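Taken in sequence, the protein lines are chains A and B.
Quick note on the numbering used here: the first sequence kicks off at 1 and runs consecutively.
Quick note on the numbering used here: the second sequence kicks off at 1 and runs consecutively.
No lab work stands behind these hints: they were computed from the structure.
All values derive from a computational prediction rather than experimental measurement.
Glycine residues also receive a C-beta, built at the ideal position from the N, C-alpha and C atoms.
It is possible that part of the hints are untrue.
Incomplete in silico selection of chain B near chain A, CB under 8 Å [stated by the list, open to error]:
#, residue
1, Phe56
2, Val57
3, Gly58
4, Val71
Across the chosen pairs, the derived CB separations fall in these ranges [as the list claims (entries may be wrong)]:
#, chain 1, residue 1, chain 2, residue 2, range
5, B, Leu6, A, Arg134, 56 to 64 Å
6, B, Glu3, A, Trp38, 24 to 32 Å
7, B, Thr52, A, Leu197, 18 to 26 Å
8, B, Asp46, A, Ile153, 49 to 57 Å
9, B, Gly31, A, Trp11, 24 to 32 Å
10, B, Ser5, A, Ala178, 55 to 63 Å
Here are some chain A residues the structure puts well away from chain B; computed CB gaps all over 12 Å [as the list claims (entries may be wrong)]:
#, residue
11, Val24
12, Gly36
13, Met175
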Amino acid sequence: MDISPDSMIYWHIYGPINLNATIVFTWIVMALMVIGSWIITRNLATGAELSRGQTALEVVVTTIQDQIREVTQQDPRRYLLFIGSLFLFIAISNLLSIVPGYHPPTGSLSTTTALAICVFFAVPIFGISQQGLRGYLAQYVKPSPIMLPFNIIGELSRTLALAVRLFGNVMSGSMLVAILLAIVPLIFPIIMQVLGLLTGLIQAYIFAILAMVYIASATQVQQKQKSRQEEKGKQ
Amino acid sequence: MEELSLIGMVSVITAGLTIAIGSLGPALGQGRAVSQALSSIAQQPDEANTITRTLFVGLAMIESTAIYCFVVAMILIFVNPFWNAVVDMVGQIGG
Chain A
1 MDISPDSMIY
11 WHIYGPINLN
21 ATIVFTWIVM
31 ALMVIGSWII
41 TRNLATGAEL
51 SRGQTALEVV
61 VTTIQDQIRE
71 VTQQDPRRYL
81 LFIGSLFLFI
91 AISNLLSIVP
101 GYHPPTGSLS
111 TTTALAICVF
121 FAVPIFGISQ
131 QGLRGYLAQY
141 VKPSPIMLPF
151 NIIGELSRTL
161 ALAVRLFGNV
171 MSGSMLVAIL
181 LAIVPLIFPI
191 IMQVLGLLTG
201 LIQAYIFAIL
211 AMVYIASATQ
221 VQQKQKSRQE
231 EKGKQ
Chain B
1 MEELSLIGMV
11 SVITAGLTIA
21 IGSLGPALGQ
31 GRAVSQALSS
41 IAQQPDEANT
51 ITRTLFVGLA
61 MIESTAIYCF
71 VVAMILIFVN
81 PFWNAVVDMV
91 GQIGG
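Chain A extracted, bound-state conformation (with noise of 0.2 Å):
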């Protein structure tokens, strides 16, 4: 039994750089969101007659926008197009596990560490573009200096949850899969993997938000302080 598709390797390249399953299918889920977009998005229309894919995607869109409208109380454009991706990639790489002999490339600890680098760079990224250099360092030193190190820790601890979490339900849910295979290989597999795709679902949306409320973290001081003055000024 395996334990991750990182060992499942497909073509020997050179050395220690290999074809695995992981980099396989990762790039199965990726030419499926491109081509599938392009598809739909090949002709996009106004009108009162919409084609079915454009309505999907409408509605992905726009609760992805609201979801991310709510969490941050900002203008969701900015952020639209990181936590979107993130959230569809992982939620499609999920899904796909009940085509027979996909191996979902999320759980693979590298997958889901690669995303959660993302997620701790872009952090630093939104926050200075938001309120600057000195704004977003300041954040550190925020309730007293003494907490310094501590923020600096949980950046790093959050980033590490965000990957480990992500791998163990992923790798948990196939894992049990197989396992019932082994017992009771007769309908017990079915409603465990149905359960697999709620939880898969869920995970990528409680990896989109938790990146959401990261972010946010880092750039919504200035907003607290910009809310304030027009108060001020409504007053």
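With chain A held as given, fit chain B onto it using these hints.
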């Protein structure tokens, strides 16, 4: 061979204990969180959206402790470093 069976025995027992104890605390915590969220939804049904979202994020935070224990248990069973080291050593001596 003696060391190998000892390492295997201790790893399996520890993996079982890890997942048993490690799932106990998060289970209690999640139960409390869900019951609180349900009663607050019952009191304020208008705020159900916000409460549900916060509940999910909180549950994910609580659950990650159980997931850490699960990952440690899986490492102990499937990719145990001590087991591999001893197997390598025995292989070197034997070969």
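Comparing the hints with the structure gives:
{"no.": "1", "hint": "Phe56", "verdict": "6 Å, holds"}
{"no.": "2", "hint": "Val57", "verdict": "6 Å, holds"}
{"no.": "3", "hint": "Gly58", "verdict": "10 Å, violated"}
{"no.": "4", "hint": "Val71", "verdict": "5 Å, holds"}
{"no.": "5", "hint": "Leu6/B with Arg134/A: 56 to 64 Å", "verdict": "58 Å, holds"}
{"no.": "6", "hint": "Glu3/B with Trp38/A: 24 to 32 Å", "verdict": "58 Å, violated"}
{"no.": "7", "hint": "Thr52/B with Leu197/A: 18 to 26 Å", "verdict": "19 Å, holds"}
{"no.": "8", "hint": "Asp46/B with Ile153/A: 49 to 57 Å", "verdict": "38 Å, violated"}
{"no.": "9", "hint": "Gly31/B with Trp11/A: 24 to 32 Å", "verdict": "48 Å, violated"}
{"no.": "10", "hint": "Ser5/B with Ala178/A: 55 to 63 Å", "verdict": "26 Å, violated"}
{"no.": "11", "hint": "Val24", "verdict": "22 Å, holds"}
{"no.": "12", "hint": "Gly36", "verdict": "27 Å, holds"}
{"no.": "13", "hint": "Met175", "verdict": "8 Å, violated"}
In the structure shown, a violation is registered for the earlier hints numbered 3, 6, 8, 9, 10, 13, in ascending order.
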